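Asker: Sequence:
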Amino acid sequence: MLYQLYETQRALMSPFAEFASASAKLYSHPLSPFAHTPMSQRLSAGLDLMHRLAKEYEKPEFDIRGIEVDGVEVAVQELVPVTKPFCRLLRFKRYTDDLAVLSKMKEQPTVLVVAPLSGHHSTLLRDTVKQLLKDHKVFITDWTDARMVPLENGPFHLDDYIAYVQEFIRHIGPECHVISVCQPTVPVLAAISLMASQGETTPRSMTMMGGPIDASKSPTAVNNLAMNRSFSWFETNVIYRVPTNFPGAGRAVYPGFLQHTGFVAMNPDRHATSHYDYFLDLVQGDDEGAEAHRQFYDEYNAVLDMPAEYYLDTIKTVFQDFALINGTWVVNGQLVRPQDIKGTALLTVEGELDDISGAGQTRAAHDLCSGIEREDQHHYVAEGAGHYGIFSGRRWREKVYPQVRDFIAKYDHAGTMAAAPKRRKRS
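First residue of the sequence shown: -7, per the numbering used here; consecutive thereafter.
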């Protein structure tokens, strides 16, 4: 019922949001006589803010049309090599007529970025992708909003997530490097562990950033909610059916608007201040500051629904049973054994001020991956960086990315790790 009430409210607010937008333009457009009346700037700013608070936010585009490689502007095109019911594998293909740059790009490492399926769209990693494209061939998982997936496509469990990751790795090939950001660190480690146990060729490296490998270490408010509530509480209180006005009508989901509300509730003062600053930027004519606000909240407010099965599996496996670190996680009848990984280098990245995945949670992967030689295990703490700062923004570009880039470059050729066994290729 809550989902239906939310949709009803959204439908009722939509005309008001459009009216506020039109009125804001009426008081700001230079050709409008109302724009020259007293208090017009404040009226326009207030109406614009009302519009943004009441509007619906659609999934943003990556909108990466080009990047610069060695001082040469290179065109970028989005391709979709693999489509699954709950995810698309995107490839950012780079094009140039400069033969020297083209030759260099062909030799650059291939990276699979596994984006989180945790309420936001994969475009949240736009800055991650843009930076990686300067030195890598880049693929990314683009998870589908569960409310857009018809019921006939069946359920989607955490085991299915792992299977998707494995399929994408096999499609790209064993020369790839895998980067997992936040939530996917756990299923990605499981996927590669299972591949290693089966004797498959595993990626050359895996970079795990700000994820709950061991959520019992330095638990945050997010961790505490998942650990302190019973499994039945989540089943009863946060799972709802998709309303009839979407293709996935009737599907059980964890709605994105609930996730978004939870994130806002964690830092209400910060968001209130940000919106007030936006109002002041509009009044003062600070277009750059106002645009920065729009870009952030266009992304932050665009949320997706998660399949209920996947969400509940994650709560139980990662935050309640701690199945990965306890060595009790079984996927399709096979025990997840990170210690079986031997030919893949490991880098973990944590943010000093991360309030989503606490200190030590990601680093725990090193103890689990005991089969990887110590000299091929690396850890980096980004000083002054919060959760989003390790994959987006100035600290990502200036501090974290150079570490990731150099790590991938170090292991981007065969025979790098002396301890790596000969790995048979899966037929």
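Any given hint could turn out to be false.
To be verified - Below 25 Å or equal to it, Euclidean Cα-Cα: the simulated SDA-like pairs (lysine to any residue) are: (1) Lys51 to Phe26; (2) Lys98 to Gln395; (3) Lys96 to Val64; (4) Lys17 to Glu50.
Claimed, not checked - Listed next, with one range per pair, are the computed distances between beta-carbon atoms: (5) Arg162 to Glu53: 50 to 60 Å; (6) Arg366 to Val74: 45 to 55 Å; (7) Ala67 to Ser362: 21 to 31 Å; (8) Lys308 to Gly352: 17 to 27 Å; (9) Lys308 to Glu144: 22 to 32 Å; (10) Lys17 to Arg162: 49 to 59 Å; (11) Glu365 to Glu48: 17 to 27 Å; (12) Tyr49 to Gly352: 28 to 38 Å; (13) Arg34 to Glu144: 15 to 25 Å; (14) His371 to Leu18: 51 to 61 Å; (15) Gln331 to Phe8: 49 to 59 Å; (16) Ala213 to Ile56: 32 to 42 Å.
Please keep in mind that the hints were generated in silico from the structure rather than gathered at the bench.
This structure is a prediction, so every number in the text was calculated from the model and none was measured.
Think of the CB as a built atom: it goes at the ideal place given N, C-alpha and C, for glycine as much as any other residue.
Asker: Look at each hint and say if it fits the structure.
Answerer: A quick look at each hint next to the structure:
1. A distance of roughly 34 Å separates the Cα atoms of Lys51 and Phe26; the hinted pair therefore is violated under the 25 Å criterion.
2. Between the alpha carbons of Lys98 and Gln395 the distance comes to roughly 22 Å, so the proposed pair stays at or under 25 Å and holds.
3. Of the supplied pair hints, the one linking Lys96 and Val64 holds, its CA atoms being roughly 12 Å apart against a limit of 25 Å.
4. Among the hinted pairs, Lys17 with Glu50 is consistent with the structure: their alpha-carbon atoms are about 21 Å apart, no more than 25 Å.
5. At roughly 28 Å, the beta carbons of Arg162 and Glu53 sit outside the given window of 50 to 60 Å.
6. Taking the beta carbon of each, Arg366 and Val74 are about 35 Å apart, not inside 45 to 55 Å as hinted.
7. The hinted range of 21 to 31 Å is not satisfied by Ala67 and Ser362, whose Cβ atoms lie roughly 44 Å apart.
8. Between Lys308 and Gly352 the beta carbon distance is about 22 Å. The supplied range of 17 to 27 Å therefore holds.
9. Here the CB-CB span from Lys308 to Glu144 is close to 26 Å, well matched to the stated 22 to 32 Å.
10. Between Lys17 and Arg162 the CB atoms are about 51 Å apart, so this pair conforms to the stated range of 49 to 59 Å.
11. Remark: the range hint 17 to 27 Å for Glu365 to Glu48 is contradicted by a beta-carbon distance near 51 Å.
12. In this structure the supplied range 28 to 38 Å holds for Tyr49 paired with Gly352, their Cβ-Cβ distance being about 34 Å.
13. A hinted range of 15 to 25 Å is violated for the C-beta pair Arg34 and Glu144, which are about 52 Å apart.
14. For His371 and Leu18, the Cβ-Cβ distance of about 55 Å falls inside the hinted range of 51 to 61 Å, so the restraint holds.
15. The hinted range of 49 to 59 Å is satisfied by Gln331 and Phe8, whose Cβ atoms lie roughly 57 Å apart.
16. Distance hint check for Ala213 and Ile56: the Cβ-Cβ separation is about 33 Å, which falls inside the suggested range of 32 to 42 Å.
In this structure, the earlier hints numbered 1, 5, 6, 7, 11, 13 are contradicted, and the remaining ones agree with it.
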